[in-house]
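Order-wise, the sequence lines are chains R and B. The numbering of the first sequence is the numbering used here, which starts it at 2 and goes up by one. The numbering of the second sequence is the numbering used here, which starts it at 2 and goes up by one.
Hints are not guaranteed to be accurate.
Heads up, the list lumps identical chains together, so a pair's fine if it works in one copy or across two of them.
Stated by the list, open to error - With a straight-line cut-off of 25 angstroms between C-alpha atoms, the simulated BS3-like cross-links for lysine-lysine are:
# : residue 1 : residue 2
1 : Lys4      : Lys52
2 : Lys45     : Lys7
3 : Lys45     : Lys4
4 : Lys4      : Lys115
5 : Lys71     : Lys4
In short, the hints are calculated from the structure, not lab data.
There are 2 protein chains.
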Amino acid sequence: MIKLSKMTDYGVVIMSEMARLPERTMTAPDVSLYTGLPVPTAAKILRVLAKSPFLTSQRGAHGGYQLSRKPADISIAEIIRAIEGPVAVTSCVDESGDDCAVEERCPMRGGWEKINRALNAALEEVTLADMCLDTEKLNSGQRTPNAGVPSPLSLSGVK
Amino acid sequence: MIKLSKMTDYGVVIMSEMARLPERTMTAPDVSLYTGLPVPTAAKILRVLAKSPFLTSQRGAHGGYQLSRKPADISIAEIIRAIEGPVAVTSCVDESGDDCAVEERCPMRGGWEKINRALNAALEEVTLADMCLDTEKLNSGQRTPNAGVPSPLSLSGVK
DNA sequence: TTGAAATAAGACTGAATTGGTACGATATAG
DNA sequence: CTATATCGTACCAATTCAGTCTTATTTCAA
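Construct all of the structure, not just a fragment, from the sequences and the given hints.
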């Protein structure tokens, strides 16, 4: 089973949750409340995500985190890259690849690159907006801002 | 960095090496010689791979492993599945998915499924033959069967 | 100017996964 | 019957990962 780390999984969940109220500035405890994640964990992930261009942080009193782009303009690929680094299958293909014994002449390079291109394209194509689409339907809109109603735990399964 | 485990990586390397002499029956020590992997490790992976339809094993004296299909008919997806199980990104989507709190109504399911379909398609499309293609070129053909010349370590990088 | 609120950054720990090895059992050819 | 293989399982060491805690640093407001 190829799976991404829980941290990455959580990252996507957090971003999806924030995308439902794109204008609002949320603190780490807020996010914890909405996602069910422990506060320190949520804080840790937000910290990492805030280094990316799609999430800004505001320090000090009344600070917090806010999306700096519309959900439709934030791809899943970006979120994963923010937490895991470049997306590639097989360490052979990563940027720092000075580990591979045969380097440029690696016979398998071509095959893996094809696979990686397809994966990246798929991740690039799916946006945060796509992820929340069904959510909107389920709740049939009308979600008042600041309602403070925690969503049902929308964490991906823990394995 | 999404990466597959070393074992899977090794598995692909082993299969690629075997694909260069598709008719030959190879023992674990043979494979070790060709790939540079320690014998016990090679044996372990071969054992696992042999449970799949594309690799058969013969026990006893003069036994060993042999491809049961042409390299062009063995996809990378099959090899990865043999070692890691079903290929899916996010544990949420795996078959046993009774872990996910919201199950069928998971708002993100749609997005992840799209991503997984693309990944699987890419893996399905690349075959062992594709992987070895460049190798043939590098050695400019004329590889006598049973030559016993170990290829240069074609392991993917270790990270 | 001072205090409270909030994030930033990094160290640290316990647990889970993984890579790798070893050993005994089983099967086959000669 | 013996030598040569795979098969299956159990095991250990090392790495990685999730999660927590502690200590700055920044900002708003009284």
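Taking the hints in turn, this is what the structure says about them:
Both within a single protomer and between protomers do Lys4 and Lys52 lie at most 25 angstroms apart by alpha-carbon distance, with minima of 23 angstroms and 23 angstroms respectively. Proximity of Lys45 and Lys7 under a CA criterion of 25 angstroms is satisfied intra-copy only: 13 angstroms inside one chain copy versus 29 angstroms between copies. In this assembly of identical chains, the alpha carbons of Lys45 and Lys4 lie at most 25 angstroms apart whether taken from the same copy (21 angstroms) or from different copies (23 angstroms). Proximity of Lys4 to Lys115 under the C-alpha cut-off of 25 angstroms is found in both arrangements, the shortest distances being 20 angstroms within a copy and 15 angstroms between copies.
In this homomeric assembly, Lys71 and Lys4 never come within 25 angstroms of each other (Cα to Cα): the closest approach is 27 angstroms inside a single copy and 30 angstroms across copies.
This entry does not satisfy hint 5, going by the numbered hints stated previously; all others are met.
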